[in-house]
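J.: Now for the letters of each chain:
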Amino acid sequence: SSSGSSTLAASSSGGALTPVKLQLQWFTQAQFAGYYAALDQGYFKDEGLDVTIVEGGTDIVPQTQLADGAVDYAVAWVPKALASREQGAGITDVGQVFQRSGTLQVSMADKNIKTAADLKGKVVGNWGYGNEFEMFAGITKAGLDPATDVQLVQQAFDESGLLDGSIDAAQAETYNEYAQILETVNPATGKLYQPSDLNVIDWNTEGTAMLQDAIWANTEKLKSDPAYQDTTVKFLTAALKGWVYARDNPEKASAIVVAAGSQLGASHQLWMTNEINKLIWPSPDGIGVVNADSWAQTVNVAMNAKNLEGSTVITKEPDADAYDNTYVNKALDNLKGEGVDVTGTSFKPLTVTLTEGGK
Amino acid sequence: MTRAGGRSYAVLWGLIGVIILLALWEGYKALGPSSGVELFGQGILPKTDDRSMPHLWAMVQRAAEPVNSSAGSPPVWLAVIGAALNSLGVAAVGWAVGSVIGLLLAILMQRLRVAERAVLPWLILSQTVPLIALAPLIVAWGGKIQIGAFSWDRWMSVAVIAAYLAFFPVAVGALRGLQSPDTIHLELMRSYDAGWFKTLVRLRLPASVPYLLPALRLGAASAIVGTVVAEVSTGYKGGIGRMIVEFAQSGTSDPAKAYAPIAGAVVLGLVAAGLVALLGLGLKRFNRQEVSS
Amino acid sequence: MSDEILVDPTSPALFALPGESVPLASTRRPATGPGSGAWIARSILPPIILGLAFLLLWQLVVIVFDIKPYLLPAPTDIAGQIVLVFPLLWSSLLATGLNALIGVVVGAVLAIVLALLASRLTVFDRMIVPLVAAVAVVPIVALAPILNTMFGSTSDTPRRIVVLIVVFAPIFINTLRGLRQVRPVHRDLMRAYAASNWQMTRTVTLPGAIPFIFTGLRIAAPLGVISAIVAEYFGGLQNGLGSRITSAAANSAYPRAWAYVFGAIVLGLVFYGATLLLEWLVTRRRSSGG
Amino acid sequence: MTETNVHPAAGGASAGGSALAPAAISITNAGKVFAVAKGAEVRALENIDLTVSPGEFVSLIGPSGCGKSTLLRLIADLDEASSGEVLVFGKSARQARIDQEYGIAFQSAGLLPWRSVQANIELPLELHGVGKAERTTRAEELIELVGLTDFRSRFPDQLSGGMQQRVAIARALAERPKLLLMDEPFGALDEMTRERMQQELVRICAETGAAVVFVTHSIPEAVFLSDRVVVMSPRPGRIVGIVDVPLGPGTSRTEALRENPGFFTAVTAVREALHGSPAVPAGADLR
Amino acid sequence: MTETNVHPAAGGASAGGSALAPAAISITNAGKVFAVAKGAEVRALENIDLTVSPGEFVSLIGPSGCGKSTLLRLIADLDEASSGEVLVFGKSARQARIDQEYGIAFQSAGLLPWRSVQANIELPLELHGVGKAERTTRAEELIELVGLTDFRSRFPDQLSGGMQQRVAIARALAERPKLLLMDEPFGALDEMTRERMQQELVRICAETGAAVVFVTHSIPEAVFLSDRVVVMSPRPGRIVGIVDVPLGPGTSRTEALRENPGFFTAVTAVREALHGSPAVPAGADLR
Ligand SMILES: Nc1ncnc2c1ncn2[C@@H]1O[C@H](COP(=O)(O)OP(=O)(O)OP(=O)(O)O)[C@@H](O)[C@H]1O
Ligand SMILES: Nc1ncnc2c1ncn2[C@@H]1O[C@H](COP(=O)(O)OP(=O)(O)OP(=O)(O)O)[C@@H](O)[C@H]1O
Ligand SMILES: [Mg+2]
Ligand SMILES: [Mg+2]
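First to last, the protein sequences are chains A, B, C, D and E. Taking our numbering, I'd label the letters of the first sequence as residues 1 to 359. Taking our numbering, I'd label the letters of the second sequence as residues 360 to 652. Taking our numbering, I'd label the letters of the third sequence as residues 653 to 942. Taking our numbering, I'd label the letters of the fourth sequence as residues 943 to 1229. Taking our numbering, I'd label the letters of the fifth sequence as residues 1230 to 1516.
These aren't lab readings, by the way, just hints derived from the structure by calculation. Any given hint could be a false lead.
Listed next, the in silico DSS-like pairs over lysine-lysine satisfying Cα-Cα at most 30 Å (straight line) [unchecked claim]:
| hint | chain 1 | residue 1 | chain 2 | residue 2 |
| --- | --- | --- | --- | --- |
| 1 | C | Lys720 | A | Lys316 |
| 2 | B | Lys643 | D | Lys1074 |
| 3 | A | Lys306 | A | Lys114 |
| 4 | A | Lys191 | B | Lys388 |
| 5 | B | Lys503 | B | Lys557 |
| 6 | D | Lys1120 | B | Lys557 |
| 7 | A | Lys306 | A | Lys316 |
| 8 | C | Lys720 | A | Lys21 |
| 9 | D | Lys1074 | B | Lys557 |
Could you build the full structure based on these sequences and the hints that come with them?
T.: In structure tokens, the structure reads:
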């Protein structure tokens, strides 16, 4: 029963709440812990917002949903959103939550694949769906041709290809699939796989990482609708506060996600929360602020890395509306006013113990 | 052999077939090479390790355990039943909508031969368009619909996709049925000076029942397939299709879990076909054939 | 269950080849020869006109309502992309087509052989028919992830098996129906000739079942293509139309995605046309009545 | 029975009252050409002149493909004449069909398999908006007339072929038509059932006073039933002779008629007209 | 033609040479009971005694459902007798079928629609391993015999009903059987085609010297074709009379026979046996 414009400028002191819909990229999991925490802790309500979190699907493109007016905000990876912008989707990055890329290329230690150059001649897994450009850029940067020098394979929704040896190096997010491997019994030892059994290529260190989860808003409404601008600040304030909560209370945050209906169990969600925190914190500019250098690297890779079809993510520089730090800065001001630590300079990750099957 | 006896015999033999199938699974798992069998570089028989082919009892055991470790998590089998019922509801709506559209299309094509020639090839073509291409469109456009208190829900997109698959067999089957009356019956109606509509109601529709019933059953199966795929595609939560993908995600570390929703989908298909068959019982009279002797 | 009429969505009455007699005698119409101008005008033009009208409307809607490509690309954009990605479109079409072809062929052979067995061996019949009835209503796509695990992601086998299973049921059910369709007079005749089982199958049962087998094939062929595409959805080698469509769509490259969709449609029609052609080749020297 | 009249070619008016009411059927110089593939034509009927008086029973006989069914279909307005005029009770065939002036029965019964005997008979009444109560009464009358009282709620597949035919005849009679068109209605029956059905048809016609046009392959059947037998020849279909079957005073169409020498003379006359051969010795000609 | 012999009940041996060779058919006290749903039974045949000599032509006639087809099927070993004995050329019916002692033609032609006329006729030869060349020769002979030379490579649906029947008869004759079983083979034909086919059957039988058991509904047809007509009654099917049709010296079965008074007497005798009624005046009985 809601969409788009918030007609009532809701006051935080009770009264009608402004309905807001947030579109995620995927199903409920700790990757989105901050939003669930904000919801659970009532931060959105405090800002006068009634937020509905909409889960994603394989064919749901969050930025399309946003541009289309079906939702008010969307979480999306920067390169994919830029591609949609080029196809006419009017959206703006108003909060760059993740400061680092979480994508790895994982291989068994005995395969000795430690850098992108080592991928030559190997069977390389990826998920498709546009998640593959960092890898292509990395392979290209290492002087290889992705179309001929490696054999590309689309992974299923799990990592069994890596485990049964049909894939040499599989794509994995630090916060999810990597954990799934570590939740599996190694038949050689009879115990769970250990990080020492594995090699990883980290695109952050290879220099082809791209910005990932960001909060996107509708460009046109940002320009024309003051109420939406207001709502955007409030939304960011609450959402970022949720992420701070997740940083400070990872166990509680992961429990919130599990309660919200995540598929995998508590230990897995805790691992994920912890790994996500590592991607966010520390945020020297303040959480959610788009870092100009990371942005430039993302745009650069998006314009130059070719996939095996020979196409790039985008063909020209995104225009000035592609991101806007105005709203996040206002939100950060609000948070700082409340005495919240928005940079997390002293952030210390946990050490999470995984259990078999992630139950 | 009496009718009831025949039924229970059929069930018995079907069970024996299932048991043989299960025995094959365990038998191959015990005897087959763990890396599978390849012929000319193509795998023709699967791997037999526990991740590729879990033991049957492991699947059953897993189905009895909770979905995950969170407090109050229901056992897998219960969650599967809930999801299956959810999907069944959505698929039923899709099936009903698709059937009505299919029937109307068939009537239109029966009425206008030009329409039949123009539309029918496109109906076939419509079924070759991958759902992947349509799902986002349907979701996006559905999201724009808001009339008064009515607003578009995600499940409606799923139902639309189910209807998109279900309408096809119904349209084609109904068209055949509507065209099935014998010349003699059509001429009889003409001799009574019965117009198109009267002929439709008194002759064509009743005559189409024997064609319509299997078409409706096929439509039900298609609606289930559509629902399962569309749930994955549109991210609709709560159904069996979504559960299949969710559980498949944990295929690496918890392989036995993935089989429960698949079994659920099998049962779902059977239940849907059974429900339509029940519908057929009420229309038995129209299944009578004229015997010419 | 399998004894009921399985509606053939693509029955010969509805898709007569030129020169094929339409057994639908509801109206006595003067027959028009194949290849004649009138036949083309009546059978080919209407769908083409409708198709063109549809494309035109599509284009107009996109222009008039200024629909952005991320929502729905214009047919002209799609056509442009088809030209642009043609080499890749072609190779993916071949990859998917090969999977579908192998699945359909193996599935058809298996279905026909098992139907023959079922028509001969009552015990086998009783066991397999309920299983096939189940397979016929089951969303087989659900099996794709598991098959991927069972055979490994670098194999095309899982996709081919998905196609195989999907096409199996309609062909099996129709073939069995055809094999059981033997007219009592023919059965009596062969008995009067003291013909052996195999002679019976070869001279009466199998030839009589041919139209039914093709009914099954006609349903199965486009279904096989769609299944091959949907199976790619669940992982495996990234060489086919399905994965191209998803990856293009995920990158919001919708005109490109639709270019591949176009490939999928063409492939489906090719498969359908091939079964029609095969049927025509097999049945042109025979007649329906008698 | 007194004498047998054979009109060599054109069908003249019958003895019946043609001055008082319009003829039941009046066909003038009618022809029918079917277009077949590639411009070819089939001349199914040519130069047909025929008048049938109210209450008269006329049979059409002739070899297969001579156009009997086509002629009947012209009268019923199921096909349209290519030339000439077909009047039914003084109106065009089309108007007569719309006005429901005739009842028709085909070679096969053509019952709707999903309707009971009674519902099948009620069908024409139902289509023409006759009320439920009246329908039931009429259907019961007819069911009794054709002797199917115990089978009222049976379905067609539970009846023997002869019973199905009787239902079809009852259905054709449902609206008390003044004209009955029957295309080989007894074709599928065995000899004995057939003779019984002929008896019943004679009785029904006598009771209802309807004119009948009856297509058959059987000479004895045609002669037994008819006031006049119209003999046709094929390619193109023409009327080659009309045989009068005048009943002598006091003679009625009962089983005994079949053993009447006059009947036999008429059979011979039809046989001759049909075979176009000179007369064969009377007294030994059958089938 | 001299006299007409009616044996009231049991079927005695015919005049033909029964001492020299075994009878073509010898049925002793045969019965057939069909089990239908829920323990009910249909007694289709009871107490059947019948002997057919080599070369003899015997017709079976009787009302619908009296068991004619069933009797034929017992002889052909398509069904098994519930009681009694059925011998064909001195062997069991089963052995005779395996030895291919008979040819059979059904009411419907039963041609394989995907085989040409020639291939249909060759079917039994093919099944019994006759070589290609011999098959072709034999098929051509037969095609000529039934007058279908121009239609050799046509398919069944391109033939008229009568032509299909002729193909079926040719097929039945393909292996030169000494016994021909025919179940209403002319049922679907119109009168004139039917008479022509009867002529041809008579000729073919004369040429091949086969014994024939012929099922029909038509009394004149039965009398015209047969040496003896077996009349049956229904429920349970029994033989109620056998009518001899002795040909006088020098008389052959041609069109003229139909106008022979002796023929007419036989027709009357069959009619009486069939209807179970007292004799009707001779000279006026037809159909
Ligand atoms: N719709 C049609 N198109 C072409 N030719 C037709 C059509 N209907 C009938 N004919 C032809 O017209 C002629 C007369 O046909 P009709 O059915 O009237 O014959 P009939 O006398 O009823 O024969 P039968 O005794 O076999 O029923 C035949 O040569 C037939 O082939
Ligand atoms: N397979 C069967 N099962 C049960 N009853 C049967 C079966 N075959 C025949 N009958 C019954 O046996 C009786 C004789 O049937 P049959 O077919 O021999 O009659 P018929 O003399 O050939 O009749 P028609 O002239 O109608 O062909 C009938 O009452 C029939 O209902
Ligand atoms: Mg006719
Ligand atoms: Mg019979």
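J.: For every hint, state whether the structure bears it out.
T.: Quick rundown of the hints versus the structure:
no. : hint                    : result
1   : Lys720(C) to Lys316(A)  : holds, 18 Å
2   : Lys643(B) to Lys1074(D) : holds, 24 Å
3   : Lys306(A) to Lys114(A)  : holds, 22 Å
4   : Lys191(A) to Lys388(B)  : holds, 23 Å
5   : Lys503(B) to Lys557(B)  : violated, 40 Å
6   : Lys1120(D) to Lys557(B) : holds, 25 Å
7   : Lys306(A) to Lys316(A)  : holds, 14 Å
8   : Lys720(C) to Lys21(A)   : holds, 22 Å
9   : Lys1074(D) to Lys557(B) : holds, 17 Å
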